[in-house]
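2 protein chains.
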Amino acid sequence: MSVTDEYLSNNAAHAVSFDGPLPLPPSRHLAVVACMDARLNIYEILGLTKGEAHVIRNAGGAVTDDAIRSLTISQRLLGTREIILIHHTDCGMLTFTDDEFKQQIEKETEIRPAWAAEAFSDLEDDVRQSIRRIKVNPFVPYTDAVRGFVFDVATGRLHEVPAHPGEAG
Amino acid sequence: MSVTDEYLSNNAAHAVSFDGPLPLPPSRHLAVVACMDARLNIYEILGLTKGEAHVIRNAGGAVTDDAIRSLTISQRLLGTREIILIHHTDCGMLTFTDDEFKQQIEKETEIRPAWAAEAFSDLEDDVRQSIRRIKVNPFVPYTDAVRGFVFDVATGRLHEVPAHPGEAG
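Protein chains in written order, with my numbering: chain A, 1 to 169; chain B, 1001 to 1169.
Think of the hints as simulated: they come from the structure by calculation, not from any bench.
Glycine included, every Cβ here is placed at the ideal spot set by N, Cα and C.
As a list, the in silico DSBU-like pairs of lysine-lysine whose alpha-carbon atoms are at most 30 angstroms apart: (1) 1135(B) to 1050(B); (2) 1107(B) to 135(A); (3) 107(A) to 1135(B); (4) 50(A) to 135(A); (5) 1050(B) to 50(A).
Just so you have them, the derived chain B footprint on chain A, three or more residues with Cβ under 8 angstroms: (6) 4 to 15; (7) 25 to 34; (8) 51 to 58; (9) 78 to 85; (10) 95 to 107.
Chain A with its partners taken away, still in its complex shape:
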């Protein structure tokens, strides 16, 4: 039995008491962009309930073109207005560099990815980078309520990242 099959049997049990459907647009008009890290259950971390917010996740919680695509659809077609960005301590993206990762891939496959891996060396700086990428983007219309946080995987707590380095969070 594969891991996938185990989770499918969990799903069959879950469906027995399932209560749906809810409306399509997020009821709290919120979109979250977070790292894919296995330890970040965004629903628990924010006390988020089903139907309330879009959840966008990728390696690092980076604001890539694809995150912009998702945010654009989220705001323009489905009415979200606030954005929460979540990076976290002990992130895998702090453990390598784009150059070494892509060289390793090229060595094994003879093909070099045309994309950036988006590794980073400073958590708070990368959160600020992510906020800036949203604010300058022409397609995301509502950027007044964009706030960035670092989730501490040891304590479960979110720390807000100040807009400028050295300010209080």
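Put chain B on the given structure of chain A with help from the hints.
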């Protein structure tokens, strides 16, 4: 008080009883790629517990270059081996076309996005498209255990998408 502030106060309550930290690599060696839809709590749907799987999410659960970036990092650096793809009924991506969405954006901002919006008209076909994009990708090394599902937002149940149209799921 903004919606974001409400969720931050939830987080403070959550952190009181938080139990961490867990190890960085996902303990079940699984990556999930799912739609950002607000009704999809992937942890509940799969009975997934913190620390077990990477969760990658975007508009549609599309296998974009950014999803490939995340899967590449997930498998090559953090040891995941199985992939579960989740699309769902009543998806926003079924309600528009790339052309009309991008024309509307261009009309308002005078700039046309250089990215595809990734709207689709057939759920199961798009799941199959996503599986194929992973299987042909040179950077994702483990593609034997890639399975695709449609989540029914009315019943809470996952239906497996057959590899070829018309086969039993």
